[in-house]
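Q: Now for the letters of each chain:
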Amino acid sequence: MTSQRALAVSYRPERSRARRTLVPAWLSRTWRRPHGAFGLVVVSIVLLAAAVSLFWTPFPLLQANTDQGWLPPSPQHLLGTDQIGRDTFSWLLAGSRTTVLVAAAATALAAVIGILLGTVSASLAPRLAEPIVVLVDIVVAFPVLLIAMLLATTFGGSILVVWVAVGIGAGVNLARIVRSEITRINASDYILASRAAGTGSFSRLLQHVLPNVAPLLAVQLSVTAGVAILAESGLTFLGYGASTTEASWGRVLADAQKYISVAPASVIWPGIVIGLTVLAINLLGDAIGEALDPRLQSGGKTDGD
Amino acid sequence: MALYVLRRLGLFAVGLFITSIIVFVVLRVLPGDVAQVIGGIKATPEQVADIRVRYGLDQPLIVQYFDWFGGLLHGDLGRSLITNSPIQNELAEKLAVTLPLCVLGIVVAVVIGIPLGVYAALRHDTRFGQLVGYIAQAAAAVPVLWTGLLLILLVGKGVGLVSILPSQGFPLDGWAEPGKAIAALILPALTIGIVEGAALLRFTRSAVLDAMGQDYIRTAMSRGLTHTQAVLQHGVPNASLSVLSVIGLQIASLIGGTVVIETLFALPGLGSKLVTDVGNRDLISVQGTIVVLTALVLFIGLAIDIAHRVIDPRQRRVTS
Numbered sequence: 001m002t003s004q005r006a007l008a009v010s011y012r013p014e015r016s017r018a019r020r021t022l023v024p025a026w027l028s029r030t031w032r033r034p035h036g037a038f039g040l041v042v043v044s045i046v047l048l049a050a051a052v053s054l055f056w057t058p059f060p061l062l063q064a065n066t067d068q069g070w071l072p073p074s075p076q077h078l079l080g081t082d083q084i085g086r087d088t089f090s091w092l093l094a095g096s097r098t099t100v101l102v103a104a105a106a107t108a109l110a111a112v113i114g115i116l117l118g119t120v121s122a123s124l125a126p127r128l129a130e131p132i133v134v135l136v137d138i139v140v141a142f143p144v145l146l147i148a149m150l151l152a153t154t155f156g157g158s159i160l161v162v163w164v165a166v167g168i169g170a171g172v173n174l175a176r177i178v179r180s181e182i183t184r185i186n187a188s189d190y191i192l193a194s195r196a197a198g199t200g201s202f203s204r205l206l207q208h209v210l211p212n213v214a215p216l217l218a219v220q221l222s223v224t225a226g227v228a229i230l231a232e233s234g235l236t237f238l239g240y241g242a243s244t245t246e247a248s249w250g251r252v253l254a255d256a257q258k259y260i261s262v263a264p265a266s267v268i269w270p271g272i273v274i275g276l277t278v279l280a281i282n283l284l285g286d287a288i289g290e291a292l293d294p295r296l297q298s299g300g301k302t303d304g305d
Numbered sequence: 001m002a003l004y005v006l007r008r009l010g011l012f013a014v015g016l017f018i019t020s021i022i023v024f025v026v027l028r029v030l031p032g033d034v035a036q037v038i039g040g041i042k043a044t045p046e047q048v049a050d051i052r053v054r055y056g057l058d059q060p061l062i063v064q065y066f067d068w069f070g071g072l073l074h075g076d077l078g079r080s081l082i083t084n085s086p087i088q089n090e091l092a093e094k095l096a097v098t099l100p101l102c103v104l105g106i107v108v109a110v111v112i113g114i115p116l117g118v119y120a121a122l123r124h125d126t127r128f129g130q131l132v133g134y135i136a137q138a139a140a141a142v143p144v145l146w147t148g149l150l151l152i153l154l155v156g157k158g159v160g161l162v163s164i165l166p167s168q169g170f171p172l173d174g175w176a177e178p179g180k181a182i183a184a185l186i187l188p189a190l191t192i193g194i195v196e197g198a199a200l201l202r203f204t205r206s207a208v209l210d211a212m213g214q215d216y217i218r219t220a221m222s223r224g225l226t227h228t229q230a231v232l233q234h235g236v237p238n239a240s241l242s243v244l245s246v247i248g249l250q251i252a253s254l255i256g257g258t259v260v261i262e263t264l265f266a267l268p269g270l271g272s273k274l275v276t277d278v279g280n281r282d283l284i285s286v287q288g289t290i291v292v293l294t295a296l297v298l299f300i301g302l303a304i305d306i307a308h309r310v311i312d313p314r315q316r317r318v319t320s
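Those sequence lines, one after another, are chains B and X.
Terminal number for the first sequence in my numbering: 305, no gaps in between.
Terminal number for the second sequence in my numbering: 320, no gaps in between.
By construction, these hints were calculated from the structure, which means they are not laboratory data.
Sample of chain B residues at the chain X side, in silico, Cβ under 10 Å:
no.: 1; residue: I138
no.: 2; residue: V144
no.: 3; residue: L283
Straight-line distance between alpha carbons at most 30 Å, and here's what the computed DSS-like set of lysine-lysine pairs gives:
no.: 4; chain 1: X; residue 1: K94; chain 2: B; residue 2: K258
no.: 5; chain 1: X; residue 1: K94; chain 2: X; residue 2: K180
no.: 6; chain 1: X; residue 1: K157; chain 2: B; residue 2: K258
no.: 7; chain 1: B; residue 1: K258; chain 2: X; residue 2: K180
no.: 8; chain 1: X; residue 1: K157; chain 2: X; residue 2: K94
no.: 9; chain 1: X; residue 1: K180; chain 2: X; residue 2: K157
Don't be surprised by glycine CBs; every beta carbon is placed ideally from N, CA and C.
From just these sequences and the hints, can you work out the full model?
A: Okay, structure coming up:
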């Protein structure tokens, strides 16, 4: 019994140190992992780019200059120009705004749907939870792209459609994962211990259950942010995402695709920017997940993955 | 077991029913006049009224729904608002492109993903093993569109460095000349294979890594097997069950996910048909296509669940 009590204590995320320092403990632990540091740096650069582009881009976005089409990269046009002489670097810089917005909004929506449905369906009596579980299972069968096209048929395509489609699609997936994780946690010894100690069910949820779901949430939400960025590029290419005058990475890629036979090199940049960002977000999610995982804290060795 | 299958079939039927409601409702939440949309802006009031009667749009929504749902039950998806041909016929025709594409893509994904995934797990402590893992993670992080474009730039006819494979279109006479048809599918299938293969590789790697930590590997090694032998003979079969269900899920997601690839490579499949229909706001066609696709995904989910029960003896005991 003593060993189980010790286990119950060690499963609680450590909070004391976080209060005393400026940087939360999980963040500095994330930073100390190579993939976490890489993710933090790249994500910070993207956030910074989005902020900067609100005030400044090297060239006005819509300034066309047809006699300066397809200029190669130069000190003036860092990444060259497109078919009508618009500066590619400026478009990518401004596009980061759309990316940050879509990724953040879709992730937030998915988190709300996932945590709410997951927690509720795991906490209710089985008979009451069943309808939620069945409904979630059905919506999971709709691929994100199909949800987006369904919405686009009714409402027309826009960034909003990307946001809602990814939020719902990823949200129901998350609900499933959160539900099974909470069910697993509820069966563990430390929950039994806290139940025996008379903790109310709601404060038990906040104090013991959700902190233990947090590592998984970090990983899943980072995957969602990545999916949102990729979905934006796919849907914009299909004509249901960003409009032709809206700066987004998907827009730059879709435009470059049209002229692949004229200027093959121009498809390279948007792809690299998107790929690096998604990769960085995924790695950051993995690292935060490891940093938050109470089981990996007490000097436990991690496998690197 | 029989009880489980029955229950699962019941859930499948409920799933189909609710899916059809969701699709129907989402396509009609706008208060706008569907008949006006079909007729276009220039349609006269008489034409709009005529369309309304012809498509039964003057009926209450609930009647319209059950008309459509009744048709669904015996395989009648209605007629396209644009071409006026039966939607099930159009779907069947488009499947002749999409189905082979998905099958080829999954074959490529399995050929790439599983051996490399097992390798990356076995050699996870070497530089090269880690490199394989990193490459897979990067390949899964770029847009499908981009992967396709890079392949076109590499080997596509006309624009590629080595111009050998057709990168646009599908033979007009379909499968009359199988060689040509397959050639047209190679690049798109490779694109699917690389993207899905990268995901499969990562999953296989972690499933095998997981199995490697189990006691039965140590037991097998104590009987004189080398570590690699033990993993290949005992670890991989144990990991294969979850890998199989991931492949099933990938097939399911591909059914809707070929949209971008078919558009990029100009293939006349289900995906590009859906893009056209959405653009035309062909409600009847969109709702028919999406319901059929989602039904396929639900069906694959059903098949995976039942297969798990049959294959994995541990699961059978839990329910009974």
